[in-house]
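First to last, the protein sequences are chains A and B.
Counting from 1, one number per residue, gives the positions in the first sequence under the numbering used here.
Counting from 1, one number per residue, gives the positions in the second sequence under the numbering used here.
Don't read these hints as lab results, they were simulated from the structure.
We put the CB at the ideal spot given by N, CA and C, even for glycine.
Incorrect hints may have been included.
[To be verified] If you anchor each label on the Cβ, the simulated ranges turn out as follows:
| no. | chain 1 | residue 1 | chain 2 | residue 2 | range |
| --- | --- | --- | --- | --- | --- |
| 1 | A | 15 | B | 31 | 28 to 34 Å |
| 2 | B | 34 | A | 148 | 53 to 59 Å |
| 3 | A | 20 | B | 43 | 26 to 32 Å |
| 4 | B | 68 | A | 15 | 41 to 47 Å |
| 5 | B | 85 | A | 237 | 38 to 44 Å |
| 6 | B | 26 | A | 184 | 49 to 55 Å |
| 7 | B | 37 | A | 253 | 24 to 30 Å |
| 8 | B | 35 | A | 64 | 39 to 45 Å |
| 9 | B | 29 | A | 99 | 30 to 36 Å |
| 10 | A | 192 | B | 74 | 56 to 62 Å |
| 11 | A | 192 | B | 88 | 31 to 37 Å |
| 12 | B | 37 | A | 114 | 44 to 50 Å |
[Claimed, not checked] A short, non-exhaustive set of chain B residues, derived as facing chain A with CB atoms under 8 Å:
| no. | residue |
| --- | --- |
| 13 | 5 |
| 14 | 6 |
| 15 | 7 |
| 16 | 39 |
| 17 | 42 |
| 18 | 55 |
| 19 | 58 |
| 20 | 59 |
| 21 | 62 |
| 22 | 65 |
| 23 | 66 |
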Amino acid sequence: MNKITNNKAWFLVLPVFCIVAISAIIPLMTVVNYSVQDIFGPDSRFFVGTEWFQQVLDDSRLHEALLRQIGYTFSVLLIEIPLGIGVALTLPRKGWGVSACMVLLALPLLIPWNVVGTIWQIFGRADIGLGGYILNMLGVSYNYTQSSVDAWLTVLVMDVWHWTSLVVLLCYAGLRSIPDAYYQAAKIDGASRWAVFRFIQLPKMQSVLVIGVLLRFMDSFMIYTEPFVLTGGGPGNATTFLSQYLTRMAVGQFDLGPAAAFSLIYFLIILLVCWVFYTVVMNAGQREEQ
Amino acid sequence: MSWMAWTPVTAGFFICIALMLIGMGIWQAVSPTIPRRGFLPLVTTRGDRLFISLLGAAYIHLAWLAVTDTTVLVASGIAIVWLLVVMRWG
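Modelling step: build the complete structure from the supplied sequences, incorporating the hints.
Given below as structure tokens:
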């Protein structure tokens with residue numbers, strides 16, 4: 001039987017293509033154009049070639065911000081992914097507890113970023129904040145406005161509080177999709193709890209975990225609002241991450257050319273890491289299926 | 001279009017990318033790609049190899065700018081060789 005092909009369906013993709021073009025491709029092209037010019041005003045710009053890229057690549061403050069960002073992102077992933085899986089495994093599978101847990105877990109996700117920053121800014125203060133007050137009462141010298149370590153930990157804990165729920169909900173959805181027959185077979189085989197997790201639950205959660213890790217990687221690598229509201233990038237530059245540094249360059253100093261070059265490098269880093277991660281995980285999945 | 005601050009160099013760059021994508025589309029319609037494994041440690045289609053080579057080309061240029069002050073055209077030459085090698089044997 002000959003298969004009839006009808007390519008008219010491609011026209012259905014056209015609206016999405018137009019939206020993506022307007023919202024992403026055209027701005028990205030503009031950034032590329034800006035990155036090779038010195039722009040003084042709308043009609044006053046000069047071609048400078050790769051000068052801004054060289055300047056950005058030699059910038060020691062940017063190297064520091066990049067290292068800080070990498071440390072922060074990997075800390076976030078190392079905490080949130082295992083914690084999210086762990087919490088998802090302990091959630092009830094039926095009854096009223098399911099709805100209650102879903103609502104509670106969704107709450108942090110519904111709060112806007114700047115409000116999260118404000119909540120933690122107050123929560124961490126030693127004079128009026130519950131968290132800061134209790135820690136100091138217990139004899140822990142905690143002050144996120146003066147100590148780099150405290151500021152760093154507060155930003156990290158804030159992110160864990162805000163986003164672990166997302167990983168939990170994704171993992172829980174993955175766990176719920178496993179048919180009971182798998183668990184029954186494991187029970188007949190006398191599989192241990194660890195074996196059930198390793199050979200049934202983890203492989204079945206793989207696709208949602210890929211999404212979870214990618215979302216958390218990209219989000220934490222581009223984090224801006226929460227640390228900006230909480231610490232303003234301080235004390236010193238202790239919590240100045242890449243996006244804050246970029247905003248300072250583009251909006252604060254109005255260095256559009258270097259900021260555009262920096263944006264492109266930033267974009268390439270995210271693109272590479274996401275692609276490598278996606279490829280490694282999907283290849284591992286295919287090997288396991290074979 | 002003046003708000004996009006076009007320059008002849010960036011216009012040429014994007015025209016090349018667009019032509020590559022159109023060319024790949026036509027090539028795919030005429031002769032659909034067969035996933036295969038070359039020297040890259042994964043099974044790739046023609047589109048995958050183009051993406052890998054373009055991403056690699058961007059990093060070749062960045063690495064060149066980071067380590068030397070000599071003309072970036074050398075990096076462009078290396079990137080073209082890299083693109084051809086990946087597309088043929090990747």
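ask   = Once the shortest beta carbon distance from residue 62 of chain B to chain A is found, is it less than 8 Å?
value = holds (7 Å)
query = Can we keep the residue 66 of chain B interface hint, with Cβ of chain A closer than 8 Å?
reply = This interface hint holds because 5 Å falls under the 8 Å limit.
key: Assessment of proposed distance window 28 to 34 Å (beta carbons of residue 15 of chain A, residue 31 of chain B)   = holds (30 Å)
inquiry  = Quick check on the hint: residue 5 of chain B CB to chain A CB, less than 8 Å?
reply    = holds (4 Å)
Hint status (Cβ of residue 59 of chain B to nearest Cβ of chain A, threshold 8 Å) = holds (7 Å)
key: 56 to 62 Å as the expected CB spacing between residue 74 of chain B and residue 192 of chain A, which holds or is violated   = With Cβ atoms ~59 Å apart, the hint holds.
task = Mind checking the CB of residue 65 of chain B against every CB in chain A and telling me if the closest is under 8 Å?
result = holds (5 Å)
query = Honestly, do residue 20 of chain A and residue 43 of chain B meet the 26 to 32 Å range at C-beta?
reply = At 27 Å between Cβs, range holds.
ask   = Does 39 to 45 Å hold as the CB distance between residue 35 of chain B and residue 64 of chain A, or does it fail?
value = 42 Å Cβ-Cβ, so the 39 to 45 Å window holds.
inquiry  = Is 49 to 55 Å respected by the C-beta to C-beta distance linking residue 26 of chain B and residue 184 of chain A?
reply    = holds (53 Å)
inquiry  = Can you tell me whether the CB distance of residue 85 of chain B to residue 237 of chain A sits inside 38 to 44 Å?
reply    = holds (42 Å)
task = May I ask you to test the hint 30 to 36 Å on the CB atoms belonging to residue 29 of chain B and residue 99 of chain A?
result = Because 50 Å falls outside the window, the suggested range is violated.
Figure legend: structure checked against the earlier numbered hints; hints not met, in rising order: 7, 9, 11 and 16.
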